[in-house]
Amino acid sequence: MAAVVCPGDRLHPVATHRAGSGTYVHQQHIHASLVGVSHLQPPEPGSDDQRPVVSVARSGAQPVLPQLGDLVTCKVTKVNPRLASADILCVGNRPLDASFTGIIRLQDVRATEADKVEIYSSFRPGDLVRAEVVSLGDSRSYFLSTARNELGVVYAKSAAGVQMVPISWQEMQCPQSKLVEKRKVAKTA
Amino acid sequence: MQRDLDTLLSNSERNFILKALKEEQRIDGRRPFDYRKIQYQFPADEDGSATVQLGATRVMAVVTAALEAPFPDRPNEGSLRFNVELSPMASPAFEVGRPGEAALEAMRLLERALRDSRAVDLEALCVLVGQKVWHVRVDVHVLDHAGNLADAAGLAALAALMAFRRPEASVAPGGGGGGGGERGAVTLHAPDVREPLPLSLHHLPLAVTFGLFEGGEAVVLDPSLKEAAAAAGMLTVIATTHGEVCALHKPGGIGISLSQTMRLVRVACAKAAEVAEGLRAALRGHETARVARRVCRRGAQGADAGALLDDAAGAVAVVPGLGDPGRAAAAAGGAHLDALAGSSGARNGSGGALEPGGMDSSDAEEGSRTSARPGEPRKLPRAGLVAAAAVVGGARARQGPSSLPEQAPGDNFEAIAAMIAGAAQGRPHSGDALDLQAAVKPKSGKRAKVRKWQPLGT
Amino acid sequence: MEFVSPEGLRIDGRRPQELRALQCKFGVLSCCDGSALFQAGNTKVFAAVYGPRVADIRGQALHDRALIKCEYAHAAFSTGAARRRRGRSRKSTELAALVRGALEQTILVELLPRAQVEVCIQVLFADGGVTAACINAAMLAVADAGIPVRDMVAACGAGHLEAMPLLDLNHTEAATGGLEVCVALHPALDRVVLLQADAKASVDTLEAVTTLALQGCKAAAGAMREALLQHVRSLAARRGAI
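Residue numbers (full-length UniProt numbering), protein chains in the order written: chain A, 1 to 189; chain B, 1 to 458; chain C, 1 to 242.
The set of hints was computed from the structure by calculation and includes no laboratory data.
Any given hint could turn out to be false.
Unchecked claim - Here are the simulated distance ranges between beta carbons:
hint, chain 1, residue 1, chain 2, residue 2, range
1, A, Arg140, B, Thr7, 18 to 28 Å
2, C, Glu162, B, Val129, 22 to 32 Å
3, A, Arg10, B, Arg74, 52 to 62 Å
4, B, Thr7, A, Gly69, 54 to 64 Å
5, A, Asp138, C, Ala237, 17 to 27 Å
6, B, Thr64, C, Gln230, 50 to 60 Å
7, B, Ser87, A, Arg10, 44 to 54 Å
8, C, Gln17, B, Glu123, 41 to 51 Å
9, B, Pro75, A, Ala98, 31 to 41 Å
10, B, Glu123, C, Glu2, 23 to 33 Å
11, A, Arg10, B, Pro32, 28 to 38 Å
12, C, Lys91, A, Thr188, 25 to 35 Å
13, B, Glu13, C, Gly8, 52 to 62 Å
What the hints assert, rightly or not - Stretch by stretch, here's where chain C covers chain B in the computed footprint (C-beta under 8 Å, at least three residues):
hint, stretch
14, 100-110
15, 251-265
16, 279-292
Glycine residues also receive a C-beta, built at the ideal position from the N, C-alpha and C atoms.
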């Protein structure tokens, strides 16, 4: 059903439908909270709740905020012995207009041997890192984690200024100078 | 909502307050539409200051006035300015420095209540059109913030404005080539010379604030600090005692239905009338105390039971027992003041109405004083004085025992005090008034004699 | 000067209970997340929304909800006689606070923790009903930015002149100093979010004028809604979503 709705419009009663994104529930009714096209998604067969999901999708601008559990792409700005600070550039597939700050703490860099981590051997300023949001963090920044195989550095430049090639989950090599540098590399298979 | 230290409330406290409100209970035991206890304090030696205590909230307001040139686009009106100081001693959320939004909001509410609704008569503040008008400034200081600053500040400002007395200014009729000064020189009389005048207020606007909770269903009047922190919105109604609304202020906050709003407006009008009654009673007490203090001062000075009398039309004091110099002074002063009597009689704000039927000081507060006995002879002989005193004494007895604290030994003093309060001016204090008179209309001969006269007790 | 002629026409030719012509445009500014231009008669207001973004002052960010910031400015030529204004005046702070109050009730702030939504309002021409126009423009800009809202918020003013309630006063009518009321309403929920009334009036007059203003709000909400729907339909058609 492709009808354009306005915020505040009453869509369906809660008894027969479930509220999806772009809607909210008020007094047993589902109301739209965005201006956009409303979609009705049929329920998955075999799931407990057989109500279809109503959602309103906005074509055009959409506000993007990193939520808990999102996979984000960020660029490391500074490192110190306790943490690496990074600017979040993309949330999932959507780029952000203004960057948010995130930090990767020492204990969140990797899953194994978390107490023997050295930040400088895992990240360097300027690296592009794929990470997961584990907490909304303190007032200054989100808390990110790279403690999975597929998370970590995806792009790094060597001291010579050339993009490095990953050789293992801990090392990357510069094709020009053949020097090996240590990073926490993401497994992008 | 900006994060303020006085809006932080733990979830348990918030839930407790909301749950109690569902049963129409408030955490301090009041009913939903009850005010906290209101207390007024007027300092003994100042005429334009008031401190109001609304529960634990304390606000002090001070009124000052200066005689200056008017604004160019309003040459015949005085001005009224407000300033609200949220000092850090009132609450940890207030900071020193530029007034924040809360101070600005309070200031705007005061302006809307007292200036935009034309509660204070600004045209009566004009002394000389285009040249001299009174600029009144009200400074409100919040001393302790325990919730509902809007109401307390409004009350304090109103009480201070009603208690304020401005010195009487007279304009010399220029021309005739007499005075050396420019045409229409303005003379400010000291409070001992002429009784200072109150401001004239058309109506009494009072702020009544409601706290709105949850879905706009639960409403409380006069929210305390914790209730305000738990509230989802506030509505302030500025109402007069006659059932009119001067302003409505609901800056955001949870939405309520129109019928609910109107119901609250009506409740506010009723509450405003109640609070105004309390204010008037407090001002009456203050007025009586003020008069008694003046009598005590004068009585202490007088060698001969200094009975000072003026009549409402505004001539001069008789100091019996002083003999000729006094009479001469009286005559000289009287001749001069006579010229002003016409103008002062015409203007609102000369002495209080003194009728044999009794003194009604509440009239004084309303500001509509009229001259009651225009035709009275200027000097009352002593016998007449006693008779008048007896009349007034009888009137006061009829009014009921008024508490004149301490002094005033003897009935006569009380009666005399009453007459003074009702009458317009005090006796001419040598130094000030006579110098001023000289500046306006210099005379010879008698002037010299008058200057040698030693006034009582200064 | 009479404000309502014997035929029942006001000085600008409207009926006593007639709104001025409303116009809404979207996406007028390119660098912000959402923008709108709202025009009611001659009153013209721009609004731009930046957000949700990281809070400028980190200490002000709230842990469970968004921070709404509002800036108000009016052009020097907005009120007939050009007057230079330096920095922030009290009036701009007051108006900004009113718009912020209305938006805080409208935007679903719990969905955007730690974020900041900044609304900038610029008045190009002020011909009465400025507060209402600012709130309407801000609402349209917020909807254009795609920020989730509880309901539309529509504002309208009304006044009382010559013993008659008049809807949507223009500058000349408002300058007389009579009763002027500004109401902001959530039309679908039927709740009054913002209510400002000035000048002395009896309770019954106030009630009549406020009821009239509420009806004006509903009419304005309808017009804003139509404009929004048309804009989004054209956007969706261009992207092939419909």
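(message) Taking the earlier hints as the rules, which of them does this structure contradict?
(response) Violated hints (numbers, rising): 4, 5, 8, 9, 12 and 16; every other hint is consistent with the structure.
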